[in-house]
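A.B. asks: Construct the complete structure from the given sequences, taking the supplied hints into account.
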Amino acid sequence: MNERLRYHLRAHRGAYGAVIMFIVIFALYIAKHTMGWTVPVLTTATNKGVLLAIVAMAQTLPVLTSGIDLSVGMVFVLANCLASHLVVGTPLQATLGVVVVLAVGALCGLVNGLIIVVGRLQPIITTLATGTVYFGLALGLRPVPGGDVQSDLADALTGAQLGGVPSMLLVLVAVVLAVWVPYRRSTIGRAALAIGSAEAAAYMSGVPIGRAKIVTYTLAGLLAAIGGLLLTFVTYSGEASSAIGGTYTLNSIAAVVIGGTSLAGGAGSAIGSVFGALVLRTIGDLLFVFDLEPLWQPLFQGVILLVAVSLGALQLLKVSNRLELFK
Amino acid sequence: MNGVVLRLKRSGQLPVAAAALCTLALLLVGSLYSSNFLSADYLLLQLQIASFLGIVATGAMLVILLGGIDLSVPWLVTVGGVMSAASAGWWGDAGATFAIPFGIACGALFGVVNGIGVAYLRVPSMIFTLGINAVAQGLIVVQTGGFAPQDRATPTMHLIATGRSLLGLPNALLVWIVVGAAAMFLLHRTALGRSIYAVGNRERAAYLSGIDTRRVTLLCFVIAGACSAAAGVLLTGYSTKAYQAMGDAYLLPAIAAVVLGGTHILGGRGSYLGTVVGVILITLLQSILSVMQIPEMGRQVIYGVVIIVMLLVYGRGRRMSE
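In order, the protein sequence lines correspond to chains G and Z. Positions 0 to 326 (numbering that gives the first Met the number 0) are the ones given, in order, by the first sequence. Positions 0 to 321 (numbering that gives the first Met the number 0) are the ones given, in order, by the second sequence.
It is worth saying that the hints were derived from the structure and are not from the lab. Treat the hints with care, as some may be off.
[What the hints assert, rightly or not] Part of the chain Z face toward chain G, derived, beta carbon under 8 Å:
#	residue
1	R121
2	I126
3	L129
4	G137
5	A181
6	V258
Small disclaimer: the values here were computed from a predicted structure and weren't measured. We put the beta carbon where it would ideally sit given N, CA and C, even for glycine.
C.D. replies: Here it is as structure tokens:
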């Protein structure tokens, strides 16, 4: 048992590192905040953090297969714009709208997956180009920011439940349980990790490479769309902004790395990425409660990001044979 | 015909030829819309605009050949623009004289940090350059917000970016020709160039062959940083002003141009000629779409679809079973 625990800790040390980092930073944030541990503070923090957490989960899946999805931010924006049109009216209409938005997100992911698998193009350049297309579509839906969203649904999802638990936190847990856990435990999920470790070996062992990749990218699209949908509930509107899309894509990659998933693929988990995203978000808020001059905030955020992603360099100290440095 | 394709395929120049054909096709389609697309004036103007992207793509290509990627392009372009303009504000006439080298040196300095992070700390380039991009952004915000330095381009910068000399060729184009010739010489005629391809193919093998792969990587990132900043200096001269986020429009087109020109995104393969063709192709595509007054939405969609379709035609990878 002890052996297994030790193995578990070693395999997931990146994720646990992110959890500890998050607890420390968040404790500091709450301690310094004038309102402290109260429902409004927690709800606001969750509403901001969960959006990036879900997009970071979306990014994790392709990264596990040693791919990458640079279109997650744009699918996120597209879902936001679509939801600001469709998730309105009676509860039934709104629910139907939610289904359509999620289906469109999954479709975007499916297109990515098909181009990568059937078209045999590299993920990085494929998703770069499809991201432009998805952003164009979002722009067509919302040339200027605006729109609306079903307010009952929005209030329910962005408020707090009984006992002061933020609803968004429950949504996040539900998404993890409904998407990540089944994926990770399925043959497809294991195949994705095998592809990330050694694609040629996985192919030789009869792993369904094509199918695993297509499912992976489709789920990434679906998750990004869930994020975009939630953004609509937070902002009550849709906006086709390439800046928002770009920021979410880049932050999702950073969150994945901070969460202990290797960009080379084959190791990591979406849970780590969730905490990586929460760390990134809390750092931004931390600068705010410490009354740092606004002018210096982007610089501090940049430096902290740089330091956080460079922590992996500590492993260099353990390298005994210099050849191990070069892959 | 088949024989030609086969020979091109073997020489690795097939993507270059295909991209060049696409460029010509694009011009012909454009000329159906308006005969202006074939006029020398229009083409020279496009080449002038292409030189900014061409210089960024030169640096991006070196890094991609190594098997890395440089995501710090947007804010390093801004660093080049803002710092060169600020140098004139800080040190008066003396600063104006050194404005251009100063701006480029600032970019190269960020390139050094990029190189140290990627080559020596072994952080994946995608994530480290992302961090440097954020740091550069933070520094520029502090720098422009705190001291409000001059943001006007110096007359020399303006002249280099917009003037025409030598046979009526735009000066910016001449700059690109010089940078391009240097890059071609570096890649195809020097030991460093061969090392770059070797590292991109398999760094471990290159290291065992006695190449100081980390120094090669560092040098490429320094050149890439200098290229981004140089494009920023030119861009400032062109628009007479340096402004925040001026480089945002250059990251994706630069990568797209390099890849459309046949450079393999995972490194080790590609020719500079391809990048030149790719840059011209991307610039013409953007220009023709905007001249045709297609709304922004359609432009983005067509742009993305064209890249995917072109790569599907000639940029596909091998089957696993091969």
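A.B. asks: Does each hint fit the structure? Answer for all of them.
C.D. replies: Hints versus structure:
1. R121: holds, 6 Å
2. I126: Result: holds, 5 Å to nearest chain G Cβ.
3. L129: Since chain G brings a Cβ to about 6 Å from Z:L129, closer than 8 Å, the hint holds.
4. G137: holds, 3 Å
5. A181: violated, 26 Å
6. V258: Result: holds, 5 Å to nearest chain G Cβ.
Checked against the numbered hints listed earlier, the structure breaks hint 5 alone; every other hint is satisfied.
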